[in-house]
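*Asks:* What follows is each chain in one-letter form.
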Amino acid sequence: MRMWFVCRFCCPAAQSNSNPEWEAKVLEYFKGQLREKESHSWVPSLNDVPLHYLKPNSLVKFRCLVQDMFDPEFYMGVYETVDPSTKANVLRCGKYKDVTECGVDLNSRNTVTAERQTFYCVPIPGESPWAKEISFLSAARVVPSTSYVPSRQKRSYEEDDDDMDTQPQKQREPHTEPHGNGDSKRQETEAPSSQTTAPSDCSSHLDLNFPLPGERGPACLVKVYEGLDSFKLNDTLEIYGILSVNPVLTVLGEEKDPSLLLLNPTESMETPEEQRAHDPPASLVPRLHMLYARPLQHNNPLLPSAPTEDQSAFVSSFLVEMASVRAELLAYLTHVLLGDGLAAEYLLLHLISNVYTRRDVLPLGKFTLNLSGCPLNSYTERLYQIVQQLVPCSYRLSMSLHTMNSMRLVPKKDYVANRLVSGALQLARNTSLFLDETQLEQGQLDSSGVRNITALGNLISWQKVDYDFSYHQMEFPCNINVLVTSEGRSLLPSDCQVPLQPQVTPPNMEEYLTTIHMAQFTSQINKFRVYLSLARTLDYSISDEVTKAVEDDFVDMRKDDPQSVTAEDLHRMLVVARLLSLSLGQTTLSRDGWMRAKHIDMLRRSRTEQQKSLNGNEP
Amino acid sequence: MDRSKISTPTLRCFVETGPDHLCILPSEVDMSSPLMYGTPSSRVEGTPRSGVGGTPARQRPDLGSIRKAPQVDLHSEPPSADGAVASEQALGQKLVIWGTDVNVGTCKEKFQRFLQRFIDPTSNEDENAGLDLNEPLYMQKLEEISVVGEPVLNVNCSHVQSFDADLYRQLISYPQEVIPTFDMAVNELFFERFPDSILEHQIQVRPYNALKTRNMRSLNPEDIDQMITISGMVIRTSQLIPEMQEAFFQCQVCAFSTCVEVDRGRIAEPAVCRNCNTTHSLALIHNRSAFSDKQMIKVQESPDDMPAGQTPHTTIVYAHNDLVDKVQPGDRINITGIYRAVPMRENPRQSNVKSVYKTHIDVIHFRKTDEKRLHGLDEDSDQKLFTEERVQILKELASKPDVYDRLSSALAPSIYEHEDIKKGILLQLFGGTRKDFSQTGRGNFRAEVNILLCGDPGTSKSQLLQYVFNLVPRGQYTSGKGSSAVGLTAYVMKDPETKQLVLQTGALVLSDNGICCIDEFDKMSDSTRSVLHEVMEQQTLSIAKAGIICQLNARTSVLAAANPVESQWNPKKTTIENIQLPHTLLSRFDLIFLMLDPQDEAYDRRLAHHLVALYYQSEEQIEEEFLDMAVLKDYIAYARTYINPRLNEEASQALIEAYVDMRKIGSGRGMVSAYPRQLESLIRLAEAHAKVRFSDKVETIDVEEAKRLHREALKQSATDPRTGFVDISIITTGMSATARKRKEEVAQALKKMIQSKGKTPAMKYQQLFDDLRGQSEAAITKDMFEEALRALADEDYLTVTGKTVRLL
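Protein sequence lines correspond, in order, to chains A and B. Each step along the first sequence adds one to the number in UniProt numbering, with nothing skipped, and position 461 is 461. Each step along the second sequence adds one to the number in UniProt numbering, with nothing skipped, and position 163 is 163.
This is chain A alone, in the form it adopts within the complex (with noise of 0.2 Å):
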């Protein structure tokens, strides 16, 4: 059963609207039908399908980050058409739909006026090659394959979309609607032409305002009916909604009769950035009209995305093996950081940490961590690719000077197009920021750069970004692990800086680092990658005794010495000790959970004092 009857639902359910609840049915029919197992994988999806290949009026999902929130709009929720030439009139629904039928009785009063507001979404800044692959392959319900063939996965979707069609098509006689014979004429002519290209081909020359250089995929306008409360900047959604790509919202814009606006000022009042940002060409940013919107606590494929019976068993199921898939990614890692467990151990505990609350002003749970003394030539490049690999979520930063100078990090209000500009640091939650320091060179920051430096350090802090609003900021906050690394102490805060120290020097960088990670099996591979999304999703609690236990810990070791210890060590040590349990599959800290992260915070510590002693003029 697919969900081609949204057509039927939604065009001329307005002749039945006298019965207000039908719209609260209609949601209550998807929301139950995508409950149902599997059912949402029969929903093409935007991030995976060319916009080409999926049918105007048809439902589909989209995987996205909300990167602007437009102003409210007023519209249509019920007018009255006019046929000319029968002069009968006719009831019809404005909702989910971006343009009305011909003949629209403005001064009818049977019009009722609704309210929806637009979100800007973007797909999820710096996925990960691999998740968007393998959600991909899942997605296609295709044989899967282990490379990306985009013409192969075309083929199928033909396939599909003949087989879609042949029920709709049935259904939808009894009403023929005239747009929709124009939509399908559209399809036919279009797709065999740009077979060959790619979506986001074409949206190169158009700003989309994604939040990363370099960053592909659709963008999309959601318009949003329900629950405009609920959604906050920067929510990571799955979306499920009805696709609008009516050429009549391209066309528009462009071809606009200058001396018409004389005399009709509101619509001049816009200015043509502002026209750009709003209302793109619908080829290129299509609109979705939301049905219903999931909040994704992650986009890792591998693990069930709804927190379900099917998660939880899920969970417990791999739990069992937790110990041992920590253990080989723990030496996989010590072999990537050349032989360094320690620093290994490290990595492990930031990749998965997570900001889980906040407590006034302090966000818990964060561990920057600063790997120092990183061998130069490209070795960090290297890094970067094998974290790239584990994590769904990243983004490399190169501090260079001239990055740090001219590259825009914090978000900023254009008034004139009324957009909020993206920055690289609109993330989503979990993202890994791998800020690469080594690249940083001599000379001098402008303003711009300096201003760079403090949100990258405001981040690390107190995990928010401080957008530009131009007349006043304000304060987003965030929750993006945040690995930076060095040659010396890193310039920026971290909660824990760990010198790497290699215990071997292979003569060839690239090439020893290339042999692991071949070495590894994607399977392997992917059972890291569920290991780290779901270590960071498990709950956590210290019991009443262990608590004792740490504040008697606390006050011994102060009593030797009471500069060895701070608070702050203190903070660092439960995070650490919570990281540490949690890498175990251990839902509470134990006795030795504890010894063992006072065990590594020491190794740690009498490491950096090594490096101080070694090299005097560190501070």
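Honestly, the hints are just simulated from the structure, not real lab data. Take the hints with a grain of salt, since some may be wrong.
Each computed BS3-like pair below joins lysine-lysine, with the alpha-carbon atoms no more than 25 Å apart [stated by the list, open to error]:
(1) K298(B) x K232(A)
(2) K55(A) x K31(A)
(3) K435(B) x K697(B)
(4) K298(B) x K412(A)
(5) K633(B) x K232(A)
(6) K523(B) x K612(A)
(7) K633(B) x K464(A)
(8) K743(B) x K803(B)
(9) K523(B) x K464(A)
(10) K707(B) x K697(B)
(11) K559(A) x K598(A)
(12) K559(A) x K572(B)
(13) K751(B) x K764(B)
Listed below are several chain B residues computed to face chain A (Cβ distance under 7 Å; list not exhaustive) [as the list claims (entries may be wrong)]:
(14) H313
(15) G330
(16) A412
(17) N470
(18) D604
(19) V612
(20) Y615
Here are some, though not all, of the chain B residues that point toward chain A, as calculated from beta-carbon distances under 8 Å [to be verified]:
(21) P303
(22) T311
(23) Y357
(24) P413
(25) S414
(26) Q463
(27) L607
(28) H609
Bear in mind that the values here come from a model prediction, so they are computed numbers and not experimental data. Virtual Cβ for every residue (Gly too), placed ideally from N, Cα, C.
Fit chain B to the given chain A structure using the hints.
*Replies:* This is chain B only, laid out in the frame that chain A set:
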């Protein structure tokens, strides 16, 4: 032109009252029906009647151009039923405007009665300054109009509401019908009273403060065509747009001219010349058409109104005629106007429409909320409205005996202990009472409490600052490292659009009436710091640059945090020596706290418990333990606005005693231990404590707490490490009295030693130092030796050149 491009979604228009009516009472309809009111034709013809007629009416594009003859669309249902009702009622002399329940006559009468009778003895609006509050308010305003000649009458809607709720409802629901009626009423009344006054045009009524005041977020389709008041910030203003009101056509053949009014954005071009009957001979003459001014203004909702995690909304506002250019980007304003929605029609050649409306507000009245912020006090605009229940909750809280402790523990609960510091910051948040002595020439007394936190790095100073910054509405957070003097004060820049010099204010000015949090105070450059001298005592900022010389108010409390120079606090040194800040600046802080590790076992245990709890307690548990941040915010805001405590007799006595006591402590040892500045601090703290209790009187308990807190802070910051005594001169002169004494002793010893050596004109520096060290009992450092040399050099006893010391 297309017909369907027009109109608001719910079309409302007037039904002609019928020709009979017109015939019977021509003069009545002529002037008193809004049908005729203010149309361009009346402006031209202007029947010379006494008073009103002589003054031209002026179009009100802000109310829309709908009040014309009925425009019944052919396609829509003819409003037969309503029309019938209306005309029936017309027969029975009960005429209502179609689509509303407004009867012009009654409405006018009611409003005139309102104008003549309304008295608001409790009014405290600035606009009513100088008016007799026991006389009818608006009659006085009319008198003002006759004198000043500005034909605008601002009417506070809350006045209308309290006078006649029904009239108010009509005004809110049908502004575009009711306001013209009001105009008419006012003009009749005005010209009756002042028949000889000459105005530029007829008086226009501008209602404001519609009680339906909303934030932008809560506007919804129900508000369309209603009068609303919203607040926001101007972010962009457009150029002036001339909007055609009346098109002038001239026949190309016979030069016959005719005027056509613009109706809902359209002009019906006459197809045939009425004079010579030539078709399509009429051409539009732009120069002779009538235009009115219009400006588009974009307003963004103010940051306070927004839920966290969302972006601010914007709304388009149209200002007309004299409201054009009244506001600038950056202004915070309250707008009263009519909310409109117009269907979008993207392409005239296509018949299907985008199903979206464009919304905007036609402004009737602007009110800037921050107009006087840079100058005098404006308690009004800061006044947050509290609901009855909220006030009740706050008062209940205030009546609890332990409110002070409760509030201080609610402050930054994630930071452990430091009770006194939190109490100090709490008092800072409340502040003292403002006193104005400008009459007697001393100017304003500082009411703000300044606090400096110093201590080891990593003792959550920054966290405390961040918390305070997030708590107060007008807080600023800067870091000493990153800020320059201009960033703190103000700078002059050229506005790229207007090419005018604009004063951009910095953190200190922006936090006027708030708190400026300065982290890493010690890393601030000296020039930047010097700016603070003026701010922290006089509470003003003087600027003289680029031809702008002015003094800005900066009544800000400063909460600063400083790290010791040696990265670790050295308990053997004084505060000054530890943080290396000039004592002139330090003495301006009311309280200086040290945030040090207490290093004691019980403390450690409690700290550990607190921290561990942070990591496992659930959100709800925390909520129970502590006061909600929102309550705390409201509590502070309420106390700051409504409570102005004054010293009572006992309290002043207690303060005097406290001051005398403080002076006494030092006098025994021959040093000054308190200065008037300390007394002022005590008074401020006592007042703030009274505010915490919501008390209008400063009582002895307030003084006691102020004394205690002040003493605690002094104990921490002004204890002379050498003697263990609290010594205020450490803060005020930068050196403890004992240290000064010691310095003199060393100098004397050195002098004696040199004298004992007999006549040696020159000595080796190192030699002398060693000798002195050998002679003295106490250890003498190189610094001390050098200081002694300098002291002797000042006495002209010797000079130091390089490594040799010469006697003079």
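*Asks:* Each hint: holds or not?
*Replies:* Structure-based check of all given hints:
1. K298(B) x K232(A): holds (23 Å)
2. K55(A) x K31(A): Roughly 21 Å between the alpha carbons, so the hint for K55(A) and K31(A) holds.
3. K435(B) x K697(B): The hint holds at about 15 Å.
4. K298(B) x K412(A): This hinted pair holds, its Cα atoms lying about 17 Å apart.
5. K633(B) x K232(A): holds (24 Å)
6. K523(B) x K612(A): Given pair K523(B), K612(A) holds - Cα atoms ~24 Å apart, limit 25 Å.
7. K633(B) x K464(A): Holds, at about 22 Å.
8. K743(B) x K803(B): holds (22 Å)
9. K523(B) x K464(A): Within the cut-off at roughly 24 Å; holds.
10. K707(B) x K697(B): Measuring from Cα to Cα gives roughly 17 Å; hence the hint holds.
11. K559(A) x K598(A): With a Cα-Cα distance of about 16 Å, the restraint between K559(A) and K598(A) holds, given a limit of 25 Å.
12. K559(A) x K572(B): holds (22 Å)
13. K751(B) x K764(B): holds (15 Å)
14. H313: Since chain A brings a Cβ to about 5 Å from H313(B), closer than 7 Å, the hint holds.
15. G330: holds (6 Å)
16. A412: holds (6 Å)
17. N470: holds (6 Å)
18. D604: Because about 5 Å separates D604(B) from the closest Cβ in chain A, which is inside the 7 Å limit, the hint holds.
19. V612: holds (5 Å)
20. Y615: holds (5 Å)
21. P303: holds (5 Å)
22. T311: holds (5 Å)
23. Y357: holds (4 Å)
24. P413: Since chain A brings a Cβ to about 7 Å from P413(B), closer than 8 Å, the hint holds.
25. S414: Holds. Min distance 4 Å.
26. Q463: With Cβ-Cβ at 6 Å, under 8 Å, it holds.
27. L607: At 6 Å from the nearest chain A Cβ, L607(B) passes the 8 Å test, so the hint holds.
28. H609: Holds, because the Cβ-Cβ distance from H609(B) to chain A comes to roughly 5 Å (cut-off 8 Å).
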